[in-house]
Amino acid sequence: MKRALFQFCCFFWLLLVLAVSVHAQPGSTIYLNKPEKYENRKLGSEKTEERKFNTSRHIYQNMVTHYNYYFNATNKLNALLARARSNFREDYTQLLPFYDFTLDATSQEKNEIDTIIYKCTAAVLLHDLRNDWIDDAYLLLGKTYYYRKDFDSAQQVFRYINYAFAPKDDGYDIPIGSNASNTDSLFTISTNEHRNIYKKLTTHHPARNEALLWLAHTYTDYNRVNEAASLLEILKSDPQFPARLHNQLDEEIAYWCYTQQAYDSAIVHLIATLKHTHNKQDRSRKEYLIAQLYQLTQNNEQATYYFMQSAAHTLNPVQEAYATLSGIRVMSKTDKAFLVQKQRQLLQLAKKDKYILYRDVIYYAAAQVTLELHDTTQAQKLLLKSVQGAGSSNAMQRSSSFMLLGDINYDSKDYVRAHNYYDSVEENQLAKTADKERLQQRKPYLNAIAANVATIHNQDSLQLLAAMPAADRLAFIKKEIKRLKKAQGAKEDNSSENSNPAMLMNMPAQDLFAATTSNSSDWYFNNPSLKASGVAQFNTTWGKRPNSDNWRRNAAIDQIAKNLAQAGLDEDSVAQQKTVTTDTLSAEAMLNKLPITPEKKATSDEAIAKALMDNGKTFQNQLQDYPSAIAAYTELLRRYPASPLKEEVLLNLYYCYRRSNNRYGEDSTQAALRQSFPNGKFAQMLDRRISPEQEQSNTVTKKYEHIYDLFIEGSFDEAKKEKNTADSTYGTTKWAPQLLYIEAVYYIKQREDSIAIQRLTTLQKDSASPLAEKATTMIDVLRRRKEIEEYLTKLQVTREEDDLPILADESQLGIARTRKDIERDSLAKVMAAIRPISIKVDTVAIVTLKEYTYNEQDSQYVMVLLKKVDPVYVNEAKNAFVRYNNTYFYKDKIAMTNRKLNDSTSIILLGPFAKAFLALEYVDKARPNARSRILPWLTPEKYEFIIISPSNLGLLEEKQNLPVYQELLKLALPNKF
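Just so we're aligned: the sequence shown equals residues -24 to -1, 1 to 953 in mature numbering (1 follows the signal peptide of the UniProt record, and there is no 0).
Rather than coming from a laboratory, the hints here were simulated on the basis of the structure.
In this text, a Cβ means the ideal position worked out from N, Cα and C, and glycines have one as well.
Be careful, since some hints might not be right.
[What the hints assert, rightly or not] Cβ pair distances, simulated, as ranges:
id: 1; residue 1: Arg171; residue 2: Gln257; range: 52 to 62 Å
id: 2; residue 1: Gln236; residue 2: Thr873; range: 35 to 45 Å
id: 3; residue 1: Asp693; residue 2: Asp581; range: 19 to 29 Å
id: 4; residue 1: Thr352; residue 2: Arg909; range: 56 to 66 Å
id: 5; residue 1: Lys844; residue 2: Lys212; range: 55 to 65 Å
id: 6; residue 1: Gln726; residue 2: Asp387; range: 44 to 54 Å
[Said to hold, decoys possible] Subject to a maximum C-alpha distance of 25 Å in a straight line, what follows is the list of computed DSS-like cross-link-like pairs (lysine-lysine):
id: 7; residue 1: Lys330; residue 2: Lys251
id: 8; residue 1: Lys507; residue 2: Lys586
id: 9; residue 1: Lys454; residue 2: Lys569
id: 10; residue 1: Lys212; residue 2: Lys52
id: 11; residue 1: Lys586; residue 2: Lys576
id: 12; residue 1: Lys844; residue 2: Lys891
id: 13; residue 1: Lys389; residue 2: Lys256
id: 14; residue 1: Lys867; residue 2: Lys843
id: 15; residue 1: Lys946; residue 2: Lys935
id: 16; residue 1: Lys454; residue 2: Lys361
id: 17; residue 1: Lys454; residue 2: Lys412
id: 18; residue 1: Lys843; residue 2: Lys876
id: 19; residue 1: Lys361; residue 2: Lys455
id: 20; residue 1: Lys357; residue 2: Lys458
id: 21; residue 1: Lys419; residue 2: Lys408
id: 22; residue 1: Lys657; residue 2: Lys697
id: 23; residue 1: Lys461; residue 2: Lys569
id: 24; residue 1: Lys576; residue 2: Lys657
id: 25; residue 1: Lys13; residue 2: Lys23
id: 26; residue 1: Lys455; residue 2: Lys357
id: 27; residue 1: Lys256; residue 2: Lys357
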């Protein structure tokens, strides 16, 4: 039995030895140009073909190559990658990079990389090339070159592995991809790793297959994407490619798709790698990246799922907070209950002790969720908690919180608070370029606004104090001086506190340890009654003084002087500063600053007026915040109606009212300007219809007006191209309501409802615009567009027979009764109010010009001329007049049609009306409402009202001489057209 067991063990050992010998890679010969003194000395690699590769040599060469060189080099490379990962800072607000380190970071460690390259080179040159770890050393060498960003050297190493360690046939190379490489009728380029049990026990995997993956990876980063894609596609379809590398193959394909922004394909292969992640944190990071890619492909449901999976699996509290927040963001924003629930979860997260170091990020995320709930007050409270939590340890998060606080107050037009928060932002700590640009753009204007507001507040306070009775004013000043001195640590100007009663009364010193009448057995310093009486006696004797001695006070003064001297001030200016500080803390100095005299009062008023004017101009010209500009100008006129700035203020008010589509304010301001300054410079500018100087220099406004004209005229492709260019240059703050509306109409016609709703939502925020209400209605209709279209498609309309009575619904009768009571404009009323009289034919006013004739007794159309307006907007204008007529002239049943007069002019015909005066009545009512109510989205230069008889209309369409007919109207109806 023992002998049989011994024979079996010997046989098994022989098989192992044979397996090792059979698997040995022959490698290739290395030729080196050695220095002259080492020419006769051979390296281990040069002795490869001179010595037999028996079992003992095989085992020895494997051992020393592996553990003396390859093992140490691998550990150094892993440590290098670990340091790069630990120093890498994720920005979860942006699309994550594919890997959690950068090649810039790895390439900086030149000493470590040189050491690894040295060890890999030594592993090859100093040992027999037939041992099992030579190909692994080459692979490690190629990886090191890659991490050094030496892509050219890396790909050469990987290509060498592919050639030198490819399958051989009796020592001859088999051409890769040829018929000779076909095995069992299978086309393959990879090395077959199917091995028997003995080879699995005695050998490790060859490095060639992994080198092919690294070659594709290097091609991708080397911008040779076609070669990378070809190689990956071949490996993907290779039947012999080992299953152990399928996960790495999926990762390489996902990386290639990620770099080419083929996010759909990247998602598929990234998901396939989740089963083989290194640890839980690696899995959660990939899930976060998958969620972001789903978000970019508009698959919000899957994005939410993977964000929540990432939050559940991660060990990083920052990632957990951002994953939860991102999961909330991609959910439907109309689900208020869900948002409230997630907000509560974030706040509960902030209460946990393990997240105490990340409360700044969590509160920031909670504030963003709160903003989704439109609760800006609570959001600001959470952001202030984020600032407190960040402190000085997380300057980036602190700046982000201050930036969002500034944005909230800026959007709510609280510019002083916005200035304070923006002023606390460290610009170099902002991660987004857009945030930096926005901060740089807004800060100068907000600095000016805040300074002017401070000037107004200070001057108002001084004037209020000057208006007080003299006794009350003096008492208030003394109280304020006392407070300031106490704040500075100086002695108060009070005889009971600044004098030394002991010196005045020449009182003898008392024995503190004399016998007392107290019967307490407590030690002197532990006796409460003695301590209380001692404090009272000290205050009576020496007065109340701050708890500091002369040495500390002098040291503080010297330190202040030293700081001022370091700031570049000489001793004289330091002394002067001390004198000024001491002198200003007196009642006389305070009184001198008050605007008590008429001259000082006028100077103070002038400062306030100038501050209001400057703020108004900043609101108007820099921020395009016309409501705030109107408020500043109105306040200036209210406080100083006789100000020298009044004429300019009225002109600026007119411009702001005009830009705000406030027709009443525009007209009243225009009338006030002409009445108060009939011959003024600004009134003359207004008469010539010249906009203020600021508008002339506003190239941004002109640019968007040009884009508006392109949309109206139907040049949609050019308009969209120029608008994208302008938006990238100027942002979205310059959009006019009219431009937003016509752009939305265009996208509605193109059935791109999501973009149209986005434009209408922006327009909806401009509550001062008459188009805001229209935008709200259109958004509601667009969101129900499919439902409405399905209803109209299924609707079957049958015409009632004329001889059958139509029964009214009871609810409709109630509406009819209510509607009857509403007063509407009606041309029928005008007709009924006129008594029929006989008019002689020879008294009818008839005006003739060339072929056209105007007769006031003829029926007349009201014709709206639309100049260079695309048919899309012609139909929209027609619909606008239909809505207007149904509301204000519903009894008259005014017919309406539209047609083209020529290539550049379209017309809308309303009527005909029986008499000319009826058509003129309609024009007088509709024309003032056109800009504010009927066609607020169309500039006045694009349309014109005239009246025309059917006969003249036929001539006009035939002759195409519109200016001649317009001249006729001026002759027949002066001051009308």
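Going through the hints against the structure:
| no. | hint | result |
| --- | --- | --- |
| 1 | Arg171 with Gln257: 52 to 62 Å | violated (34 Å) |
| 2 | Gln236 with Thr873: 35 to 45 Å | violated (54 Å) |
| 3 | Asp693 with Asp581: 19 to 29 Å | violated (56 Å) |
| 4 | Thr352 with Arg909: 56 to 66 Å | violated (32 Å) |
| 5 | Lys844 with Lys212: 55 to 65 Å | holds (57 Å) |
| 6 | Gln726 with Asp387: 44 to 54 Å | violated (31 Å) |
| 7 | Lys330 with Lys251 | violated (29 Å) |
| 8 | Lys507 with Lys586 | violated (60 Å) |
| 9 | Lys454 with Lys569 | holds (14 Å) |
| 10 | Lys212 with Lys52 | violated (32 Å) |
| 11 | Lys586 with Lys576 | holds (15 Å) |
| 12 | Lys844 with Lys891 | violated (30 Å) |
| 13 | Lys389 with Lys256 | violated (46 Å) |
| 14 | Lys867 with Lys843 | violated (30 Å) |
| 15 | Lys946 with Lys935 | holds (19 Å) |
| 16 | Lys454 with Lys361 | violated (39 Å) |
| 17 | Lys454 with Lys412 | violated (47 Å) |
| 18 | Lys843 with Lys876 | holds (10 Å) |
| 19 | Lys361 with Lys455 | violated (36 Å) |
| 20 | Lys357 with Lys458 | violated (35 Å) |
| 21 | Lys419 with Lys408 | holds (17 Å) |
| 22 | Lys657 with Lys697 | violated (40 Å) |
| 23 | Lys461 with Lys569 | holds (18 Å) |
| 24 | Lys576 with Lys657 | violated (31 Å) |
| 25 | Lys13 with Lys23 | holds (19 Å) |
| 26 | Lys455 with Lys357 | violated (34 Å) |
| 27 | Lys256 with Lys357 | violated (35 Å) |
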